[in-house]
Amino acid sequence: MKKSQLPAPLGELAADNGRSRGHHSLVEGLAFGLLRLSMLLVIAAIFFIFYDIFSKGVGMISWEFITAMPRRGMTEGGIWPAVLGTVYITLITAAASVPVGVFAAIYLNEYAKKNMFTRVIRLSIRNLAGVPSIVYGLFGVALFVRALELGTSLLSAGLTLGLLTLPVTITASEEALKAVPDSFREGALALGATKWQAIRTNVIPSALPGIITGMILGISRAAGETAPILFTGAAFYLASLPNSLSSRFMALPYHLFIMSTQHHSIEKVRPIAYGTALVLIGLVVTMNMSAILLRAHYRKKMRG
Amino acid sequence: MSGSLSPCIKTEGGLFLNRKLETAIAYFFTLNGAFVIFVLVGIFALLLSSSFAAWQDVGLISFLTERVWNPAGFVSSQFGIFTKIVGTLMVTAGAMLFAVPLGVATAAYLAEVASSWEREIFKPVIELLAAVPSVVLGFFGIVVFSPLLARIFNLPNGLNALNGSILLGLMSLPTIISIAEDALTAVPKEYKEASLALGATRWQTLSRIIIPAAGSGVTAAIMLGIGRSLGETMTVIMATGNALQFPSDFFSSVRTMTATIAIELGEVPAHTTHYYTLFAIGFVLFSMTFLVSLLADIFLHRASEVKKL
Amino acid sequence: METNLVIQVKKLNLYYGKFQALKEVNMEISRQEVTALIGPSGCGKSTFLRTLNRLNDLIDSVQIDGSVSIDGKNIYDKSCDVVALRKKVGMVFQKPNPFPKTIYENVAYGPRVHGIRERKKLDVIVEKSLREAALWDEVKDDLNRSALRLSGGQQQRLCIARVLAVEPDVVLMDEPTSALDPIATQKIEDLIRELKEKFTIVIVTHNMQQAARVSDSTAFFLNGEVLEMGDTEIMFTRPLDQRTEDYITGKFG
Numbered sequence: 341m342k343k344s345q346l347p348a349p350l351g352e353l354a355a356d357n358g359r360s361r362g363h364h365s366l367v368e369g370l371a372f373g374l375l376r377l378s379m380l381l382v383i384a385a386i387f388f389i390f391y392d393i394f395s396k397g398v399g400m401i402s403w404e405f406i407t408a409m410p411r412r413g414m415t416e417g418g419i420w421p422a423v424l425g426t427v428y429i430t431l432i433t434a435a436a437s438v439p440v441g442v443f444a445a446i447y448l449n450e451y452a453k454k455n456m457f458t459r460v461i462r463l464s465i466r467n468l469a470g471v472p473s474i475v476y477g478l479f480g481v482a483l484f485v486r487a488l489e490l491g492t493s494l495l496s497a498g499l500t501l502g503l504l505t506l507p508v509t510i511t512a513s514e515e516a517l518k519a520v521p522d523s524f525r526e527g528a529l530a531l532g533a534t535k536w537q538a539i540r541t542n543v544i545p546s547a548l549p550g551i552i553t554g555m556i557l558g559i560s561r562a563a564g565e566t567a568p569i570l571f572t573g574a575a576f577y578l579a580s581l582p583n584s585l586s587s588r589f590m591a592l593p594y595h596l597f598i599m600s601t602q603h604h605s606i607e608k609v610r611p612i613a614y615g616t617a618l619v620l621i622g623l624v625v626t627m628n629m630s631a632i633l634l635r636a637h638y639r640k641k642m643r644g
Numbered sequence: 003m004s005g006s007l008s009p010c011i012k013t014e015g016g017l018f019l020n021r022k023l024e025t026a027i028a029y030f031f032t033l034n035g036a037f038v039i040f041v042l043v044g045i046f047a048l049l050l051s052s053s054f055a056a057w058q059d060v061g062l063i064s065f066l067t068e069r070v071w072n073p074a075g076f077v078s079s080q081f082g083i084f085t086k087i088v089g090t091l092m093v094t095a096g097a098m099l100f101a102v103p104l105g106v107a108t109a110a111y112l113a114e115v116a117s118s119w120e121r122e123i124f125k126p127v128i129e130l131l132a133a134v135p136s137v138v139l140g141f142f143g144i145v146v147f148s149p150l151l152a153r154i155f156n157l158p159n160g161l162n163a164l165n166g167s168i169l170l171g172l173m174s175l176p177t178i179i180s181i182a183e184d185a186l187t188a189v190p191k192e193y194k195e196a197s198l199a200l201g202a203t204r205w206q207t208l209s210r211i212i213i214p215a216a217g218s219g220v221t222a223a224i225m226l227g228i229g230r231s232l233g234e235t236m237t238v239i240m241a242t243g244n245a246l247q248f249p250s251d252f253f254s255s256v257r258t259m260t261a262t263i264a265i266e267l268g269e270v271p272a273h274t275t276h277y278y279t280l281f282a283i284g285f286v287l288f289s290m291t292f293l294v295s296l297l298a299d300i301f302l303h304r305a306s307e308v309k310k311l
Numbered sequence: 587m588e589t590n591l592v593i594q595v596k597k598l599n600l601y602y603g604k605f606q607a608l609k610e611v612n613m614e615i616s617r618q619e620v621t622a623l624i625g626p627s628g629c630g631k632s633t634f635l636r637t638l639n640r641l642n643d644l645i646d647s648v649q650i651d652g653s654v655s656i657d658g659k660n661i662y663d664k665s666c667d668v669v670a671l672r673k674k675v676g677m678v679f680q681k682p683n684p685f686p687k688t689i690y691e692n693v694a695y696g697p698r699v700h701g702i703r704e705r706k707k708l709d710v711i712v713e714k715s716l717r718e719a720a721l722w723d724e725v726k727d728d729l730n731r732s733a734l735r736l737s738g739g740q741q742q743r744l745c746i747a748r749v750l751a752v753e754p755d756v757v758l759m760d761e762p763t764s765a766l767d768p769i770a771t772q773k774i775e776d777l778i779r780e781l782k783e784k785f786t787i788v789i790v791t792h793n794m795q796q797a798a799r800v801s802d803s804t805a806f807f808l809n810g811e812v813l814e815m816g817d818t819e820i821m822f823t824r825p826l827d828q829r830t831e832d833y834i835t836g837k838f839g
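Respectively, the protein sequence lines represent chains F, L and Z. Number 607 in our numbering belongs to position 267 of the first sequence; there are no gaps in the numbering. Number 307 in our numbering belongs to position 305 of the second sequence; there are no gaps in the numbering. Number 694 in our numbering belongs to position 108 of the third sequence; there are no gaps in the numbering.
These are computed hints drawn from the structure, not numbers from a lab. None of these values were measured; they are calculated from a predicted model. Keep in mind that a hint or two might mislead.
[Unchecked claim] Coverage of chain Z stretches by chain F, computed from C-beta distances (three or more under 8 angstroms per stretch; other residues unrestricted):
id	stretch
1	635–644
2	743–750
[As the list claims (entries may be wrong)] Okay, the calculated beta carbon distance ranges per label pair:
id	chain 1	residue 1	chain 2	residue 2	range
3	L	A26	F	R412	58 to 64 angstroms
4	F	E489	Z	K706	56 to 62 angstroms
5	F	H604	L	E307	53 to 59 angstroms
6	F	L374	Z	N809	31 to 37 angstroms
7	L	D251	F	P611	56 to 62 angstroms
8	L	P271	F	G417	31 to 37 angstroms
9	Z	R829	F	K640	45 to 51 angstroms
10	F	A579	L	A28	50 to 56 angstroms
11	L	L50	Z	I650	45 to 51 angstroms
12	L	A26	Z	E831	53 to 59 angstroms
13	F	A579	L	G61	43 to 49 angstroms
Every residue, glycine too, gets a C-beta built ideally from N, C-alpha and C.
Work out the full structure: start from the sequences and follow the hints.
Right, dumping it as structure tokens:
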């Protein structure tokens, strides 16, 4: 049917409708375009950051850069002590935060009743997650360095970072435990397993990949933190590698900080700073990616 | 099956021992759960007690309202943190000025407009930004934004509040985007379908139904972004120039509260007024972020009520 | 004393917070019989089933009074060991819930948590239980495959084998065929008739025909009360209560 054949009022309506639809789709197109532009802007900024650091840092990366000691007032040589320090500190952080974090998550998901006590614990976790990292640094100085007399050391810094990563570890572990279907618990209990037997043999094994994911995310955050270790154990420069828990240590993020702000010839060491930034980003991103891949892999497997 | 055994008498292993062990295990996990309360209360108690020591010497009012911070004054020391509070609020406000619209728009795009392949590619990229250590972003501020800002605005250098704001905005974007997106996708499908069925366009549905319905969740996302900016140390210490003067505009160099602690704690002798005032700054920071996460909590709670509907 | 009586429930009340889900329930269940619990959704029959192995204990807000005696002992007595009770009173769930382990490990799970470690003993138990559950011939070559690879009906029979492996006296079944196709359902029903030779079975079902086919006695639940209980044949042919007849003939449900 052609429009001209319509009675007049109906024809008008149709024309009007067409106009307003055109108008609406124009507005919608503009609005959605603007939203897309916003996202592309964010993505572009991220690419720019990664591109800049990669392109300017990649020239520095060599086996020697990673495994050699710094030389001549850190204007030459490698970053080995900082790499090693970061590895040590992440391991200590994991040792300090993973057991408590996982146990706390088990409490929250398996044992906790819906009462005031549980609510206070959850509130505490959320608030701890929002406490600035420098405040953890203050706490570490007062408690571990001074009150417990652990001094500025790997141990003090590791314990400080352990507290900092606790909320991440707990939240991720709890998510993992939550994902275990209740039928696994009930099935075991109905067979006469005790609560702990059901958790140990049936719940934890299923949640393990998720718990490990959370652990990796937690320590990858610790690996990149600077503020909490500034005064609890990180050192500007050390001629020897740390050899005990009471040693001070160099760390990649702190090394990048001093190479870009504190060094006596900043312009000269800029390539080293770029190299350090790339190694640090590479380390943290690799940890994150492997955590995410691990999670995806086991999710698929769980569905079987 | 004999069936004559009473169900209440355990046949192997001591019943008593078994029960005791289970109770002990339950207590053990409870203790670990309670640990986080100890940590939070411990941080609070430490900061507060140190702050009292500081306020005894400085006075709470002048600590918060005086502009001059001169811990090693020749004649007398001054410990006013007003300038630093302003510095912190300034860079945070600047950050939110562009991170909020950009973040919420991105979240809206991802939640309602993007095709599934766009989501699958771009969401992990944004997560990647969350993984970048703050010190790397600070470095980026020094080597890229600082010269750029200096050239654009014709300044001697680009280490100022604006630079800090840009970096903090970038840092809080992943938080804002991911939580706002969660809030938007959690809006019940029924609302959306009802609106579309009434002949509203997708844009009308998004702007008039979905975003308002997700309002609490989006607000919580912004709160958490603010919390992240207030407490950030390394990026601001590296990018803002850390001058002690009261800032006149966004091109001024500023020193935030976090930067003050990070710069001065290493040099200060323990248990002096100066030492305690740094903890008192920590207490002010702690209170601000505590308040912000509490607000975020309230909004998130509201958001979950909407979802239930 | 009546030796044929296994379960005796007296004046059982159960509350979820303020909501009363079971009201003054009295019931007697005999040895080596199949008892069917029927009634519309939300009438309390599954809740009642879960009081028999105290699985409601997992829910914080549940409060119970009255008594449930199994072999003359009140299982809600303070001195009762819940673990021993659940070993004696096994349960099969509505949806097949095999653990994400191998077929062998699923069946061996119960004996293992009860302290049996020798491989030879476990082998014997696993084979015996799988045979009893009429699954042995189908899986005997795949014992180390994941239980999640089995079909729904096989999974449910595996869950039954898993219960049989702990040698219970009573087996509770909570709508065990509601997630299965008709052929798998028939296999389970055949199995139930065989198992009755050795075990006391209490089964919740939505399916009237199923209740009529497999059970010896039937209890009809409505709004948390047992309206009528007795011999299945009599219930299905000459119910005493009009509401029972209405439900059985499909006037509501």
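Structure-based check of each hint:
no. : hint                                  : result
1   : 635–644                               : holds (count 3)
2   : 743–750                               : holds (count 3)
3   : L/A26 <-> F/R412: 58 to 64 angstroms  : holds, 59 angstroms
4   : F/E489 <-> Z/K706: 56 to 62 angstroms : holds, 57 angstroms
5   : F/H604 <-> L/E307: 53 to 59 angstroms : holds, 58 angstroms
6   : F/L374 <-> Z/N809: 31 to 37 angstroms : violated, 57 angstroms
7   : L/D251 <-> F/P611: 56 to 62 angstroms : violated, 35 angstroms
8   : L/P271 <-> F/G417: 31 to 37 angstroms : holds, 34 angstroms
9   : Z/R829 <-> F/K640: 45 to 51 angstroms : holds, 49 angstroms
10  : F/A579 <-> L/A28: 50 to 56 angstroms  : holds, 51 angstroms
11  : L/L50 <-> Z/I650: 45 to 51 angstroms  : holds, 47 angstroms
12  : L/A26 <-> Z/E831: 53 to 59 angstroms  : holds, 55 angstroms
13  : F/A579 <-> L/G61: 43 to 49 angstroms  : holds, 46 angstroms
When each numbered hint is compared with the structure, violations occur for hints 6, 7.
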